[in-house]
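Peer 1: Respectively, the protein sequence lines represent chains G and F. Using the UniProt record's numbering, read the first sequence as starting at 1 and increasing by one per residue. Using the UniProt record's numbering, read the second sequence as starting at 1 and increasing by one per residue.
Please keep in mind that the hints were generated in silico from the structure rather than gathered at the bench. Any given hint might turn out to be false.
Listed next, the stretches of chain F that the computed footprint assigns to chain G, with coverage defined by at least 3 CB atoms under 8 Å from CB atoms of chain G [what the hints assert, rightly or not]:
| hint | segment |
| --- | --- |
| 1 | 809 to 816 |
| 2 | 916 to 929 |
| 3 | 979 to 987 |
| 4 | 1006 to 1017 |
| 5 | 1035 to 1046 |
| 6 | 1071 to 1079 |
Treat the numbers as computed from the prediction; the structure is a model and nothing was measured. Cβ coordinates follow ideal geometry from the N, Cα and C atoms, glycine included.
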Amino acid sequence: MVKEEEDSSNRPDNTAFTQQRLPAWQPILSAGIVIPGFVLIGLAFIGIGVGLFLTSRDIQVLEMDYTGADGSSPCSVCYNLADKNCVCTMSFSIDSLIKGPVFFYYGLTNYFQNQRRYGVSRDDKQLYGDTSNFASPNSECAPYQYISNVPIVPCGSVANSMFNDTFELFKNVNGQSLPVPLDGKGIAWWTDYNVKFQNPNVTPLINAFNGTVRPPFWSKNVYELDTTDASNNGFINQDFLVWMRRAALPDFRKLYRRITDGDYSAGLPAGNYSLKIHYNYPVNGFGGKKKVVFSNVSWMGGKNEFLGIAYLVIGSLCVVMSVVMLIVYAKFKFPEDN
Amino acid sequence: MDSNRLPPQPPPARSYPSNSCQQQYTVWNFLPKNLFEQFRRIANFYFLIIFLVQVIVDTPTSPVTSGLPLFFVITVTAIKQGYEDWLRHKADREVNKYQVTVLENGQETPKESENIKVGDIVQVKENETFPCDLILLQSTRDDDTCFVTTASLDGESNHKTHYTVPDIERDLKSLNATIECEQPQPDLYKFNGRMHIYKTNQDPAVRSLGPENLLLKGATLKNTQKICGVAVYTGMETKMALNYQGKSQKRSAVEKSINAFLLVYLCILLSKALVCTTLKYVWQSKPGQDEPWYNKKTQKEKDTNLYLKMFTDFLSFMVLFNFIIPVSMYVTVEMQKFLGSFFITWDKDFFDPEIQEGALVNTSDLNEELGQVEYVFTDKTGTLTQNNMEFIECCIDGFQYKHRGASSELDGFCVTDGPVNKLQQKAGREKEELFLRALCLCHTVQVKESTEQDQREDNLDQVDGLRIDENVLQPPQKERGFIASSPDEIALVKGAMRYGFTFLGLESKTMKILNRNKDVEMYDLLHVLNFDPVRRRMSVIVRSGSGEMLLFCKGADSSIFPRVRQEEVERIRLHVERNATEGYRTLCVAYKRLSEEEYAQADAGLREARLALQDREEKLLAVYNQVETGMSLIGATAVEDRLQEEAAETMEALQRAGMKVWVLTGDKMETAKSTCYACGLFQRKTELLELTVRTLEDGERKREERLHELLGEYHKRAVQDAPPVKAGGTRLVLVCFASNQDYGFIIDGASLSMVLNSSSESNMRSYKDLFLQICQNCTAVLCCRMAPLQKAQIVKMVKSSKGSPITLSIGDGANDVSMILEAHVGIGIKGKEGRQAVRNSDYAIPKLKHLKKLLLAHGHLYYHRIAHLVQYFFYKNLCFILPQFLYQFFCGYSQQPLYDAAYLTMYNICFTSMPILAYSLLEQRISIEDLIEDAALYSENAKNAMLRWGLFLYWTGLGAFHGLVFFFGVRFLFSNPALQDNGQVFGNWSYGTIVFTVLVFTVTLKLALDTRHWTWINHFVIWGSLAFYVFFSFFWGGIIWPFMKQQRLYFVFANMLSSVSAWLVIILLILLSLLPEILLVVLRNPRGPYTRKVQQRYTHVYTSHVTTHARTPTHTLCICFNDVSVCFSRDLVFAC
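All chains, full assembly: derive it from the sequences and hints.
Peer 2: Here is the structure:
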């Protein structure tokens, strides 16, 4: 492009580039292009907006607070966590079928998982199965790096504060409580439990954790998080993975279980249900709230009115503006029209 | 003159540097020294501080994020400087190791150049360069001279004569002398020294040393076989080395704006950090917020002092938001300027086939200033005119002699036409011959030797290729070339040749003249009283063959007339004035016979003054003035200096572009005025306001009073009674209304110094103001009879006047250097008067006509480009950092970064840097042809229009709007973080990545919207940047990075793309951000070729409208036309 030739004469190169004469396209956003463009974009947006809006409206959500802070909730007894293994049960009824697959979320409010110090207090090398970091965890993990010089695995605040309420869902049919099967698989990102997080290559897994101690808040060791499925243990336990992906905002929900099995693959039918909550997670110290959410999802994800409305608004804005422009152009007779 | 030959002397008070070229850097000190130099820049220092804070304090982002860009910047600069230094080093090595011959004990000893010591006698052969500054002791030429060219020093390719120190023994071995000389100083043309020569049994003789004895390092010996000289300045003390230091830095208006904007952003940064720190501690004071159970503090954190914590928190926030002040902007601006300046050197329109050279850029810092010029100060001779002198006519004793072409008869003056009253009469033959002898003798012209051994050299006149090929007489040599420092002199010598007197040359102080009778006359050249621009004359003292002492003097009429007998003046004055009005350069010639006593006195005075070590110039001047009195006037000459090509068109274009053109010349008023008329600066209808010695001396009263009166009167006429023309108003209005009455102002040097140096302080101020106000209301100002320093004074005065307008000086000669250095932009013309102007200029062009394109096209485009670059940079960094600031409100003010460190680092380096760089190099909002054709477009950018606070606020507002849209758009989306159809949720890094994706696309597309000139390069970098961002994000998130502590972004980007909602929100937010922009672009007048035609039609309608309603209130029209760029109101023009 730039010819660096040392000619005998120092006459400048006569190339399009050096003479600033590169062929160029000069876009002119004239009314003839912009008005139809605006109309098209507006209509497209309105179309998408309507689709989003309707989709979002069809998504069914059942949300229940079980914090128990106000005393009226069945879980009030557990709020102060006086009892170690406090269990409370919430009953609720569903009027119409929540179409499957139904996703079961737990939610926390005023919980700052996005705190910077909290967020860096983890050791991704450890979680990648690097046993050298078992013996000496990343210093960022402090204050959950060592307990009396014994390394904590998994170390750090994030792991330590893992959500440990557990739920059992029952459908009440004729006075009987039939357990609704909850699927704990597929709740975390595939790449997390296949690549990003790995157990140390030691069998049995427990041997890898010799000389380490579990996080102080935990009641179970990391290699025995899931008693039902041996492969769902250690760092690739999906509940653990869900927790380790920090929420963006202080009011968040995380996926707990999917309801996909057997009779419930079509959804949660209408009827009475009871939710048995093993209440372990303290939120009273910081005024947080806990909730459970049953929701189905669409192609756009969970229920979110915002996108549909925004699309509708901006689409209509485009159309309105194109009309305004049309009027202006017609009235003032732009030179392009002459 | 070896040391052992020196008489006992006190040891030198100072040690002399070695003759090696000392480098700024060596291999060992390069790193520390270069780093020190770089961190002295305030911006680099700021980023270093930020980096150090990141290293020391526990901050949200790793030191890499700011360290890497800083490292990049520092490295690039260091490599560039190192490379330049290496090149210099390489060149210097050649010089340092160059073998020279040094005479030691009479033996020729080879020595490496770097080992030359002060006092060594160095032998230099023809075509060799001098290894250090030498005093010429001996030359192989008979006349004790040698010729050198200083092309590598000042670009002047003519041969200059240097003289040996007089009365030196031929045998240098027996020479015993000491030299005293002044401290090294950079002026190439000044040197003072004294040589004491000790001879056995004699008193020491003292010889003065001047610049004519000094051979400068870097100059080349020509036409002389061999010389010997003694080293006086070596190494870093040589004049060449002293001149190598950089010139004072000029700062452009854009840079000042950048600094102002930076301050604003620094304030934003500080207030953001302050707000966050305050809110953090307010928020933490609520129970449970400071240390929830899930986020316990470490013992160390608990132990830290509260105020120290607050301080580190503040620093952390600073670090988090520091990207708002972009380190990369400095790099991009530097690169834009550096690369952009190539377009000037590359422009083939600036190539002049005559001198085989194009434009030269000495500094790239001022590119954009070329688009901002409000005042143009131009020299006349050589700039407006060609400085290609042709002898037109002369006047001897009041009779006019006109030369009619070279073919006319040559024997004497048969072809003459005298003045009207003395038609066909001639002056006496004696007078004629005296006059012609004066022309032949009173000069410093040398004859170019074209003897056999010099045949390889071309027979060109050494006034930069001007060829004299008229074989008027049959001189001994077929062709005669003349070498002179000024083309006037050659023209005069040639003129004399036409009339039969041929200058044959100067040989060992004897000037030979071939007279009309083909006899050779010999004159001993006793003294040359050199020309200088203050005296404005030069003289020679010669002794004729008959032993008569004669002084010939030639010079400007104003400097000659007072020094000759008054009764002779009137007859000549008529001719001089008539010639001057015709635009010719006139010189008067006078002579005086010196008696022996007079000569002895003058000789003694001159010698004494030349020997003086201090104030030599002043003393010489006094002697000169003393000698050059009581002369008799013989005649005058008229030399034509034709206008430069397209001088008139260029001036007209500059005026239409809204620039005020001032002509500053040392020439006579009449000559200068006629030039001004010729190049259209003054029109026939222009009313001239004259403030010259002539108008001041009209009345009986004192000049002071008259000055006061005239200034008041002119002010009334030009300023108070003129229709109010708003500065910065539309140029169409200017053209239409100001054209009611044009004023031109003429002032001469004497009057100017009265204005500037008025006796009383208060008067001076008011005179200066009055003068400036008058000048500002005139279309053109002519300042004649200016000394070089006065030129600079005027520039300075205008520069510091109200509104501090941008000034440009253009000139070609040494007398323009001061104003070139003084003005904001100095332009040198590669003319015939040497290269000093070019060396001191910021830009150099071969011809005046190139100024038009340089300003109207290049300047306009550069300004537009860099102004947009600056605004865009601030904008894109504001909308980059604002979401991160807003995120603090949602993360407990914990300094959690919204974006990943890689994004923070790469945003300015990779993702958004190339499109704006390409834009700032290639954008042509208006095509070059249109810019040149319609000069008025230039004034659109006047007064830094694109960097006004209003526009800055607009861009800042836009950045803030975009930042808000990005952050809250995603915030609302994340009210339900389950964004995938498998019900899984997104975390904080997904949040940041979505915001960042929207950000990168929006700012890039915003630039795309602004781009009016899409070359393939623009396409490539804009779409390429976006593609690179996507590619990089995949790559960055696709690998578990082995050396990273955290794998935060692992598959975040890919997962984001698998979510339909994320796609939709990205599209939505980009469109929402750009929607107002698109609307604005549509409603703004797009400047394609088509719309220009439309505009012309409107202009036409408008002007006809004005002619019919001549007294339409200006303001309404102004408003209409100011808003011409908005389509709606453009049609209102019809209405009004």
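Peer 1: Are the hints correct? Go through all of them and say.
Peer 2: Here is what the structure says about each hint:
no.: 1; hint: 809 to 816; verdict: violated (count 0)
no.: 2; hint: 916 to 929; verdict: holds (count 3)
no.: 3; hint: 979 to 987; verdict: holds (count 9)
no.: 4; hint: 1006 to 1017; verdict: holds (count 7)
no.: 5; hint: 1035 to 1046; verdict: holds (count 4)
no.: 6; hint: 1071 to 1079; verdict: holds (count 5)
Of the numbered hints stated above, the single one contradicted by the structure is hint 1.
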